[in-house]
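**Student:** Given next are the chains, with one letter for each unit.
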Amino acid sequence: MNFQDIIFYTFAAILVVSALGVITVRNPVYSALLLVVAFITCAGLWLLLEAEFLAITLVLVYVGAVMVLFLFVVMMLDINLDRLREGFWKWFPFGALIALIMVGEMSMVLMGRYFGLEEMPTPSPQDADYSNTRELGRLIYTDYVYAFELAAVLLLVAMVAAIALTLRHREDKKSPNPSKQIQVKKEDRLRIVAIPSEKKE
Amino acid sequence: MEYIQQQFIQIFGTEWGSSLFSLTTNMMFILAIVVPLLLCVAYLTFAERKIIAYMQIRVGPNRVTFFGIPWLRGWGQPIADAVKAIMKEIVIPTGANKFLFILAPVLTIMPALAAWAVIPFSPELVLADINAGLLYILAMTSMGIYGIVIAGWASNSKYAFLGAMRSAAQVVSYELAMGFALVCVLMMSQSLNLGDIVNGQQGGSLLNWYLIPLFPMFLVYLISGVAETNRAPFDVAEGESEIVAGFHVDYSGMAFTVFFLAEYSNMILVAALTSIMFLGGWLPPIDMAPFTWIPGFVWLLLKIAFILFFFLWFRATFPRYRYDQIMRLGWKIFIPITLVWIVLLGVIMQLPESIRDSFPLNVWF
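These protein sequence lines are chains A and B, in that order. Under our numbering, the residue at position 74 of the first sequence is numbered 74, and the numbers go up by one with no gaps. Under our numbering, the residue at position 193 of the second sequence is numbered 1193, and the numbers go up by one with no gaps.
Next up, chain A with everything else stripped away, as it sits in the complex (with noise of 0.2 Å):
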């Protein structure tokens, strides 16, 4: 055992744990935090398969936008976790049918050896120079560029319909405008009038 494989074992029991944690603690909040740790320790698994960018990118994409979001909206309910419960048997097939195609994949991945997996190469360890950003943004804008192009515009179509959804106008609502607040000049707001001071008989 060597010193990079008490990395990989150390940050695999903390994202094995803490992955436990997310679906059995009791406070949605410590739940939260539990899958931004799992993140964390993930990416620096990743790291240790040499995928730097996609390490740092899940760090930048998940924990740092949408796991925030998922704390602001978790800390702003006050859940009730008795109602949160009542569905759990109504769901329960669904979930287990999830469950069971992972365990179905993980055990194809473990067991590999059954399947032939064994066949592909491992891949070359690349020199230092090698960017991986480089090589990823090449394949998506070459090989995989339809592919790409349609996740992004099915990725506009879902922002453009939640703002769609949510945007509302109602007449009665006043609403300052700032760009007419700022070209306000004193003219406008001001009247100079002249008064004649008064005399003392």
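Derived from the structure by calculation, the hints contain no laboratory data. Treat the hints with care, as some may be off.
Cβ pair distances, simulated, as ranges [to be verified]:
(1) A:P178 - B:V1298: 41 to 47 Å
(2) B:R1073 - A:E135: 54 to 60 Å
(3) A:E135 - B:E1015: 26 to 32 Å
(4) A:S31 - B:T1094: 20 to 26 Å
Calculated pairs, PhoX-like style, for lysine-lysine (alpha carbon to alpha carbon, straight line, at most 25 Å) [stated by the list, open to error]:
(5) B:K1332 - A:K173
(6) B:K1332 - A:K174
(7) B:K1050 - B:K1098
(8) A:K180 - B:K1332
(9) A:K186 - A:K174
For glycine and all other residues, C-beta sits at the position ideal for the given N, C-alpha and C.
Based on the hints, put chain B in the right spot on chain A.
**Tutor:** Then chain B, alone, in the frame of chain A:
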């Protein structure tokens, strides 16, 4: 160095020896960055108090001195403040979530210090010379928000919670504009490595710095940086006139000071990044004799100090933004500007050489 490495290999064996050796040296490099950084933070607070005082025609701290030396009056102030903060009690409110309450300041300062790992101080002087340096910086700065949100929630106080909510919304919005501004830098330098970004600005004088072709992005980045660090005029997260002190209203003693340290080290970080990406990092302004005598490290420090002065100047000059105006500036002004600039830059980069050369005053290539 070689000798020490040999000793390590002799004691721990070949494989473990070199791993432990690199671990030890990296620890020492980290200390060599963090300790001066924290000293800089201490004296940045002093500089802030002095500069704002002079801008408001006051004197500022002028009492605490070392060993009674009269001309050092005021210079002992940050040390005295630190000692006072360490001695004070950390009050934990009864309704607070104790674990998260203590964890929050730690989570705030961790990314603020971790981001310094990839900052190049001179061509060779960088702790981790990684290819995806710019992405790493973005990832680290985006994690700073957790401390604030958790602090607001764990304090179990309405004021703190309001501050945390404001801060979360603000930081997430300005991160977008910041990221797009960095995309422009990335397009110019064609590299995510911070050292390569500085090297891309080489070429004789300050006309080659990215400041000139990317001037709007420089402004967007600087202003977003001020917003990201929750500094005035964007400090609604702690707006003392409305919500007392925002997310850290219930913190005291060293726990409060850690938030303070994180804010100031974030300021220095943003200043360092601005000077690396737009002001040519360690490069001298003119590549000529009197300027090249000064080492690159000093040039970087001078640029950082210059940008930091802006931070303090903003605080002394501008009144606080209203919350809806902050959101408007981030979403409706900065993001459109950056998007237009990205497209424009892409078009110019794709133009054929002959057309590009025929532009007068061509600063792009």
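**Student:** Look at each hint and say if it fits the structure.
**Tutor:** Here is how each hint holds up against the structure:
1. A:P178 - B:V1298: 41 to 47 Å: Once the Cβ atoms are compared, 42 Å apart, the range 41 to 47 Å for V1298 (chain B) and P178 (chain A) holds.
2. B:R1073 - A:E135: 54 to 60 Å: 59 Å, holds
3. A:E135 - B:E1015: 26 to 32 Å: Between E135 (chain A) and E1015 (chain B), where Cβ atoms are some 30 Å apart, the hint holds.
4. A:S31 - B:T1094: 20 to 26 Å: 24 Å, holds
5. B:K1332 - A:K173: 20 Å, holds
6. B:K1332 - A:K174: 19 Å, holds
7. B:K1050 - B:K1098: 37 Å, violated
8. A:K180 - B:K1332: 15 Å, holds
9. A:K186 - A:K174: Judged against 25 Å, a Cα distance of about 23 Å means the pair holds.
Taken one by one, the earlier hints fail for this structure only at number 7.
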